[in-house]
Amino acid sequence: MPRSFRIAVVLATALMILAPVGLVVYQSFLSGPFFQPSSTFTTQAYAFVLFEEDDFREAFVNSAIIAAGMTAIAVPLGCIMAFLLVRTDLPGRRLIEPLVLVPMFVSSVVLAFGFVVALGPVGIVSVWAKGLVGTIPWYLYSKTALIVIAGLTHVPHVFLYASSALRSLGSDVEEAARSSGAGPFRVALTVSLPMIMPSILYATVLVFFLGFELFGLPLVLGDPERILVLATYLYKLTNKLGTPSYDLMAVVVVSIILVTLPLVYTQRKLLAAANRYVAVKGKASAQRPLAIGAWRWPAVGLIVAWLGFTVVIPVSALVLRSFLSTWGEGVAIWPNLTLAHFRELMGYPNLVRGIVNTLLIASVGGALSVGFYALVNLALHRWRSRWTALMDYLVLVPRAMPGLIAGLAMFWLFLFTPVLQPFRQTLFSLWLAYTLVWLAYGMRLVSASLLQIGPELEEAGRVVGARPAQVSRDVTLPLIKAGLVGSWVLIFVTFVREYSTGVYLLSPGTEVIGSLLVSLWGTGAVDLVTALSTVNLVLILVGLALMFALGNKRHA
Amino acid sequence: MPKLAIEDLHLRYGAVEVLKGIDAQFEEGSVVCLLGRSGSGKTTLLRSIAGLEEPYRGAIRIDGRPVYDAGAKVNLPPERRDLGFVFQSYALWPHKTVFENVAYGLRLRGQGKADITRRVQESLDGVGLGALGARYPSQLSGGQQQRVAIARALVYEPPVILLDEPLSNLDAKLREEARIWIRSLIKRRGITAVFVTHDQAEALAIADQVVLLDGGKLVQSGTPEDLYERPATLFASEFMGTNNTLSVGVAERRDGRALVDLGGHRLWGVDRADGGTPAGKGVIRLEAVRLAEGAGENRLPAEYETSIYLGNQFEHLFRCGGQTVRVLSDRRAGPGPHWLECPPDRLWVF
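Chains A and B are the protein sequences, given in the same order. Using UniProt numbering, read the first sequence as starting at 1 and increasing by one per residue. Using UniProt numbering, read the second sequence as starting at 1 and increasing by one per residue.
Each hint should be verified, as a subset may be incorrect.
Sample of chain B residues facing chain A (criterion: CB under 10 Å; computed from the structure) [said to hold, decoys possible]:
{"no.": "1", "residue": "Gly64"}
{"no.": "2", "residue": "Arg65"}
{"no.": "3", "residue": "Gln88"}
{"no.": "4", "residue": "His95"}
{"no.": "5", "residue": "Arg107"}
No lab work stands behind these hints, which were simulated from the structure alone. Owing to the predicted nature of the structure, the values given are computational and were not obtained by experimental measurement. Every residue gets a Cβ at the ideal spot worked out from N, C-alpha and C, and that includes glycine.
So here's chain A without its partners, still in its complex pose:
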């Protein structure tokens, strides 16, 4: 690609990243909304939020506690499960392994509804338990329950990094420990896990960081007892003071970014360290699973229990509830089965539009996003330049922006910029926000396939007479085609699942299932929420099936 084109792509991406953030920072120093000419520069919003607002302080402390707590649960559990599933002769591990990742693909707001429907005060499981022991032995709306659920649902993130690191570890180091007399769990604790420490550390920072971004779970589970975290505080702020207080919201956004940006930066450094570590002993030849004997059954029990609690119970309760005309104590299941909620769903034009829009933005929008990520990647491909380094750092910014914040910033940007105003209530604004939020993720998906192309394949193109653009078209792109399709499927699932980015952009014409769920939950329409969640789950299932089919095809 010609240099000028590369620079143009970098500049356009930089603009797309920095404009919304810049606007938020600018707004945080104003006395009123940025579009009001009477607004003046001031730091009074900071003074108010940071020193006078007790709710903000409480939300901040809650976020820190929940992030730390869920990290303490997710990391050990994720590591143990990775070791069990990757390195031991656990029965049925081939079957269980893909299932472990399922919570990553289900929107956390849907999971949260599932927990309410299953384990809430009148939940399906709760009522059953009450019938058994006379009382419900748990309380779902406590901070402890929130921490436990957040921790358990983030196990897959740890599992993903720990298992891929374990896979690249030669089994000779473990066999050496076994033959020196160590039992399987001693091997895990003293050899395997210490050797993948950099990856574990990376996953730890990731989960802690995700804890600060938590929105769906605390929105649903924290609301009854008014447990606020940073993201839900921001969401409530819109209504708290009667009028939307732009300056205060901007300050909260800036504070969140100031917390997450250093975490993202640390993560980046850790990832580089982890990759170095793996490359040193990337000898993955002939891995033999470790026999753990009688420990196999409690180990399987642990994993099945986790899977049952985090996926099976909430999801099946939610789906079941969507087919029940009503639910409460003393209500029987069989006589109350109905399709009425789905019929009702089809009666609301905005909900139908939401489903159609979700499909559009995930399929067409997802393809366009992958195209955009590929373009940016190609522009940076094999280019040793300061621009590439700049881009590396720029990509960290959207990573530090939770979807809710990116959606808000994008909403303001479309309000603020005259050229963009006509597009505010179109899917374009939503697509742009989605593309921005998942920029780092999508870039990594595409670059993973680009990295697999040997440089000499492209050099060979140049030598026989192709210009850089012709090499991109005739050599590079065809070679990453399969990778791009795979990325598109992953982005499809990601976009279907997304709920927080669209919250502020929700308007007639830009409804998507995720943001509709958030706003419907506020109105207490449980029947519609469960029906719409079920639709969402089905769409995700379609995406996963597509992924599975493609994966199998590539192996064949």
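Since the structure of chain A is already known, use the hints to place chain B on it.
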């Protein structure tokens, strides 16, 4: 005028100087081998000629026309240098058939459809793969892939073809056949070829001109016979062939001859002092040392140590004045004292 001229070429990766001023000229129609250890800069030099690396000083000219000239700020991109390049890994495009791999260069040159079909077919016939055009590279053996890579580099008739260790991925038997085959193919076409290798036997077998590189500098350039029989430096003489390198005391240098002392015994040799390396080394190729029947001119008494059976001959190890001397011979040898003869014209004294 040389076909390809390299003038004072300098290149660095970050702070590391990789090429430290290379001067070389390659004649039209000759097969040139860039020979050196890994890290000597030979592949970097080849890639610089192709435009895949960017030097910071010097010039590269093809037919007198600069493709790179730091002084004149000329640096043609690879696609405008019109060269053929055969990669070590062959770099065949896995998504294109053999035919399409070869045809790509012609398509880029805007050739007509019929023309392309004819020339690709000729080119594939030329490398003996005429029937395999519809296959994908993954369906070919290593040797066939190499031939496709060569056909791809030759099909648009570049004046110069560059080959980066093209034989290193073949097994030993195939490699020896391929040497002869590639040399005759290039010779038949009459084009200039530059060939990188770290294998001296390969260089001697294929090349008209061998360029020996070490540490980013040119050590010696000449015919294979020049390099093997008249190495200019201690490095060159030790790099080529298998040698006995002996520490000697130099007693006298006179008229291109040198008298050395080895464990109290006097030997005459050729004076090869190059000024660069510290004096006091005698180098003699294993095959030049002879087992003698008794004392005599330029002979050394030696104590037998051990023998290795190589199949076609023996390699004997002797101790001579505290140093080990290896000798090739088709005769067995046994324990006891022996005499070794070092012909004066084959003992090089540095």
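Hint-by-hint comparison with the structure:
no. : hint   : result
1   : Gly64  : 21 Å, violated
2   : Arg65  : 17 Å, violated
3   : Gln88  : 8 Å, holds
4   : His95  : 5 Å, holds
5   : Arg107 : 9 Å, holds
Hint compliance for this structure: hints 1 and 2 are not met, and every other hint is.
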